[in-house]
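> Listed below, chain by chain, are the residues.
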Amino acid sequence: MGQLLDSGLWIVLARPRSPRKAKALVARHVDAAGACVAEPVVFEVLRGANDAESGLLSPYFETLPLLESPLGLWSDGVALGKACRAAGYCPGSIDLLIAAVAIDHDAELVTFDTDFEQIAEVSSLRVRVLAYPEAQGT
Amino acid sequence: MKTTFNLPDDLVKEVKLRAVHEGKKLQDAVAELLRRGLEAPGGGGRTVVRVAPGLLAKRRAMTRKFVSGEWGAELAGYDDALEADRRAHRRAKARRGR
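For the protein sequence lines, the chains are A and B, in the order given. Numbering follows our numbering, with no gaps: position 119 of the first sequence is 119. Numbering follows our numbering, with no gaps: position 91 of the second sequence is 91.
Mixed in with the good hints, there may be bad ones.
To be verified - Subject to a maximum C-alpha distance of 25 Å in a straight line, what follows is the list of computed BS3-like cross-link-like pairs (lysine-lysine):
hint	chain 1	residue 1	chain 2	residue 2
1	B	K58	A	K21
2	A	K21	B	K13
3	B	K2	B	K16
4	B	K2	A	K82
5	B	K24	B	K13
6	B	K24	B	K2
7	B	K13	B	K2
No lab work stands behind these hints: they were computed from the structure. In this text, all values refer to a predicted model and were calculated from it rather than measured experimentally.
Only chain B is shown next, with the shape it has when bound in the complex (with noise of 0.2 Å):
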């Protein structure tokens, strides 16, 4: 199919020139670049998670001190975060019902 675009100049030089080193035609090396495009995973995608082994014994040696008590932590801060949100969110529900 025959069609027309209007695209920035160096975005068009910068194709030419991949299109001249890789020996091709430009409308092949436009349409490749495309199919690349298309077939590329949009914003996020299934991200897949991958851990080095050491990491992951490392971790599992810290999770095991944690669940023995060896190594604890209260995180006080944290419930007086969650206090400090709930009251704004009371503020919040007062000033509406006024």
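Just chain A, with the same shape it has in the complex (with noise of 0.2 Å):
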């Protein structure tokens, strides 16, 4: 069983602006040996970066497992936005398909989005959301 590792997290590690502790918490997640990635991950942090940018995040996305797309991706991510629409949610696309690969895993998604939470409480979706520590400084 593994941890997936939201968009977010990646994105706090990589900007030098962050906090220091924020960094601090997402390294310590980064670490462990149960972190992985999904490819609407990698998709979403690559997006956008530059060259400069993909050349140093690329080579660490490789060093960590990559959790296979399920087949039926697209349609998993279709009946979890209607289950969220149903429930009053609208959760981003992307944010359900990561969602989707995570349930397929059954991996915890480790997140600071708290939308997360609202797939959560429509789909078997396992989820920790991370208090983002900016108020500690830097």
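Put the two chains together into one complex, using the hints given.
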């Protein structure tokens, strides 16, 4: 069983301006043996990177196990989106795909994004929402 | 229990061949294959994450560079993409309100 690290964790760790305590918190999760990534996470991070940044992050991602996207990823995402909508939630499309991968592998999703708690309410997603330690300074 | 199935010819041939090769009765070979199928984890299931020690050490060394600030990536395009999603969401909401 692994911990799928959401895109937001990678953004916090990569950005020079992130508070040091936030980076340290993310680093503890990244450095854990069970940490892993998924294609929608890598996509979301790298689509926002320039070439030089991709040159740093791509080899970094290659040091982590990649949770394979399930064959039914898109239809699973649709079903999750419909379940959320029926409950009055509207999470982002990529979030639905990330959740679908985590559910398929029964991986715990580690995130700063409370939207995933809404997805967890209507599915078997296991989510751990981290408190962003912004107020504690850098 | 005695039961009857209609199965594809090629599948039956394959199972019969396997039973012959393994010196088993056809019914025993079928029962074993069914048991194995039932015991196999379904789509996904609890994935066991394993990472080679060398890769883990490499990852941790890279993490230290990001934490220390030796390495950094602003990833400005990430915020642009989020903003584009928010704009699309606002447009969709406005359309529904019309």
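> Against which earlier hints does the structure fall short, listed by number upward?
2 and 4
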